[in-house]
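Student: Residue numbers (the numbering used here), protein chains in the order written: chain A, 1 to 550; chain B, 1 to 318; chain C, 1 to 354.
Everything labelled a hint here was simulated from the structure, so no lab data went into it.
Where a beta carbon is used, it is the ideal one built from N, C-alpha and C, also for glycine.
There's no promise every hint is true.
[To be verified] For each label pair, taking beta carbons as the anchor points, the in silico distance ranges come out as:
id: 1; chain 1: C; residue 1: Leu160; chain 2: A; residue 2: Pro372; range: 29 to 39 Å
id: 2; chain 1: A; residue 1: Ser47; chain 2: B; residue 2: Ala212; range: 11 to 21 Å
id: 3; chain 1: A; residue 1: Glu252; chain 2: C; residue 2: Phe172; range: 18 to 28 Å
Here are the chains, one letter per residue:
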Amino acid sequence: MVPKKDVLLEIKDLRIEGYSDEKWVEIVHGVDLTLHKGEVLGLIGESGAGKSTIGLASMGFARDGCRISGGSIEFDGMELTTTPESALRALRGSRIAYVAQSAAASFNPSHKIIDQHTEAPIQYRIQKRVEAQEDAMQLYERLRLPNPDEIGFRYPHQVSGGQLQRAMTAMAMACRPDLIIFDEPTTALDVTTQIEVLAAIRDIVDQFNTAAIYITHDLAVVAQMADTIKVLLKGEEVEEAPTAQMLDSPKEDYTKSLWAVRSFKRPQKQRPTGADAIPIISVQGIDAAYGKTKVLDDVSFDIYPGMTVAVVGESGSGKSTTARCITGLLPPTKGQILFNGEALPPRYQDRSKEQLRQAQMIYQMADTALNPKIRICDIIGRPAQFYSGLHGTALKSRVDELLDLIELDPAKFYNRYPPELSGGQKQRVGIARALAADPKFIICDEVTSALDQLVAEGILKLLDRLQQEFNLAYMFITHDLATVRSIADEVVVMQRGKVVEQGPKDEMFTPPHHPYTDLLLSSVPEMDPNWLTTLLDERGTDAIGEAANV
Amino acid sequence: MGDILQLVLKRLGLGLVTLLVVSILIFFAVELLPGDIAQAVLGQGATPETVAALRDKLGLDQPAIFRYFQWLGGALTGDFGVSLVSGVSVGDAIGERFVNTLFLATYAAVIAVPISIILGVIVALLRNTLFDRVANVATLTSISSPEFFLGYILILYLAVKTQYFPAIASISPDMTFGELLHRTFLPALTLVLVVTAHMMRMTRAAIINLLASPYIEMARLKGVPPWKIIVKHALPNAWAPIINVVALNLAYLITGVVLVEVVFVYPGIGQLLVDAVAKRDFPIVQACCLIFAATFILLNLAADVGAILTNPRLRHPK
Amino acid sequence: MSTFVIAYYALLIGGSCLAAYFKKRELFLLIFSLTLVSFVMGIIGGVGALRFVTIAAGILALAAGTSYAFREFLIIIAPEGVAKELRTAPLTAAFGMFVIFTYAIAGIFAPVIAPFGEAEVISSAFAPADENMLLGADQLGRDMFSRIIYGARNSVGLALIATTLAFVMGAFAGLLAATKGGWFDQFMGRFADVIMSVPSLIFALLMLSIFGTNLAVIVVVVAVIYSPRVFRLTRAVAGNVVVMDYIEAAKLRGEGTWYLIRKEILPNSTAPLIAEFGLEFCFVFLLIAGLSFLGLGIQPPTADWGSMVRENATLISFGELTPLIPAAAIALLTVAVNFVVDWMLFRSSGLKEV
């Protein structure tokens, strides 16, 4: 048992209310939390779990439209719920600091980075301006920012996202606080940049023995950062345990479902061989541009009937743009796309109804992919009506059949509107809409990345079953390697508009790789708590610093 | 600074083009008049001789495009032709009245701008309190009232019943400045009431929008005191919206001024325009419209240029 | 000190004590600051000023009571879904709806309500009010009250027609521009910019000087002036919808423009468009009233509020309130519509936390 005097923050039965529809609604329902000096606590949960709200409450802060309605928050012997605002203010920035999710939005665009950094130390009379600036530069150096003596004198928009996030961590450190709240500090970053920020945060928290609350929805990330993990669901605690224990033996069903490493894996299929085997989609040397910016450079790959090709890459790599070229939304400037051996017109407006029917798309955000004002039966029924001319009872029975296929009860869902459905159900409706056209080829654009693990797995199984049943070909755009492992037959790796490597899945997961594939594969956080340490040892700290400063 | 200069020049160019298009619109709208302009102006009862004389005076024998350039060239040097009704030069008829109108608008702006921005900021800081709601209802009411309604209420209570101020804002060049301010107080106050309400609402919205940005929350979480959040973190980013609000409302004053001048019988360009419209005195109508439109376009231009110049992202390019 | 003054202060101070006791902070601040203001007003304006405050408070209370009752009435008669929305309506919005309702009744049943015809001369010019004429006669000896009732039909009706026309043109062009994109979108945007770069009243005056002042011209000119505003808003609202994946899905399905507009975009744009209709109506109504006031709008002998103010303006110099009544009628309707729009915008913006 840790002695009581080491306790830095103790929250008991915290209740927070939010104002909506002209009344106060409780959004955090009595959460307890204990944090010792120098300890890092990971708060994880889906959006709406209340993790940010709890994080801010531990500074005695509630956003506009929220209020702390009950419980106690004791920070180093001080009861924050009854402390007057002026005393709380003196605490913020000096003893408790905050690192926000989007550094780009959280730095004031009108002031230089270093002036924002030194604001708190000067205000609290901890340091004079010159001292504070020197200290800032030292912190920048420790956080391995390039040109530490100069970078602070730039304006926020002149610095890249990953660097800005590190500068914000440095700013939080300015007064050497006892506690830092990290609110999803790497969520907005690419995987290869994320590593560097994670390493920097972990280093500096270690060096100054600062306690921290690390808020995230990414399990693998929290496993690297936290000593203890607390799982939240809809404003309530599910369970809390030391990291290793939590990863090895979660107790609650909800936690287990989060932890469930993809058990689903289907056998890898091989390309059909022989002269008559033609790809259903053949992308041949396409270039594409938005205005004058070239975004695709000589992209080629084939997709054969009944196979799944995963296209992976970071944001900006051109994977979604490739999909836009295939669907005809963005006509390529060079090259062509063959469908079943026949060239497709570049613009979708010029394609025949039959060509449009054959290739369908499933979107990442089911929220924006389904029109909220149209009933489920009409969403699914429209393609059937549009392409096959079904109507009346024939149309109704087709919609029922499709709802059965996606495992939703027709009697229950036929007349519902999308906003009444859960995320997973919406995604299923999206799949049914694609199926209703009776296609041969479906583009799946990050279809599982907005969903919880368990729901995502259900979607993947469904997609696999449908593939078997209808001999569908999938182009699977994703950044999640676990998804690639479970469902792909072939993999295409893209970087900055180019295909850097492609081949069958088993080859892609065995070295040697193209250096970028290597960087990408190794940068994706894994559940192993030692993953980051091992990786940093392997790469060498200097090398990684450079990789992220690109 | 290259980017910013380019943006400003681009915006200036766009403003110029708009002005040109508007001048074309104003000139050629009159050409849309069904039938012969001279006939339409003089009416059916006019003798062929007088019609011919007017045609000659207007230069109607020449092609419209030629007359347009002549008109535009003249307008640039202040020569708008001759009034069809009185025969005096349009430039002379407008000259002094335009100064009067500018005086009235400036008078109103000098009072309204500081008051409304300060009140707007206060209301934004006190948002969702009772004070804010009362202010909301009051400004909405003020915006919804026609200018002549406010004007006559002021006349009734401040001129007729109490005789603090004159009901008719007649002015002459030999008045002292103090007398001038006293005489034109009621029309100015009418404009102030309308514009202040508009400006307060817009300032409030702009400030609230600004206070919701993550960097303001960050400043609060750094323990920055409230006054410093406003002065150091909000204000430097608030210039663009505030400049915008001011320019838009000054532009709004221009429209309001027409009705107010009529209510208070103030010798400004607005009243001239209304009289000319009733008499179908096209040269005067065209000239007044061009002046109003040009002022309006210039103010909007100023707002946009101001927003560009105060944008920190543009002032400190990468 | 009259009993009125004593009762006045007793009520205010008692009220503030009660508010303070029940910890109604804002109410207390309101009543107590009113007390303090009353001291000053009482000293300057005497009992008259205090009576004015009392009457104003009484009118406010009456309006609040009416609004409350009207809202409850609407909640009871409205279907389930609408009633739920109505419960969130503030009193100002309820007041607005009540006023709009009253105007609609007055406009529709004008011939039944008005005791005299709108152009009927029944007495001498500017005759004072008597048992026959509620508000006296106008400059030609016509019944003021009847003309105000008819004005509801003429002024509001004309503004409604013009707004509807502006709305149909602007919204249709906006939806089309958002859906089509490309050069059509660009061209329409520029075109709207040019029209909007001329102040609306000035534009209207220019057009009326050319085409004369008959009703059809006014409707078309006003519609042309305001349709760019509707166009811009519709374009912006529809622009947010057009980028949604479901629109992309429908486009890729091969759906035509008309289907996209009707089935996919319009259902998701109605809420802000309805609010905009209210706002536009206010602008149009004020513009037409202004034109009429200038003598360039609705022409006599048709009863119209704007021209009535102008025609009877001379009475004001005799301290008469009558000419202000039509002006107040204009203001009241615009305020009412604005109150309702304000609430609707608040509902649809979703910015409840701000």
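Student: Look at each hint and say if it fits the structure.
Tutor: Here's how the hints hold up against the structure:
no., hint, in the structure
1, C:Leu160 x A:Pro372: 29 to 39 Å, "31 Å, holds"
2, A:Ser47 x B:Ala212: 11 to 21 Å, "19 Å, holds"
3, A:Glu252 x C:Phe172: 18 to 28 Å, "56 Å, violated"
Consistency note: the structure conflicts with earlier hint 3 alone.
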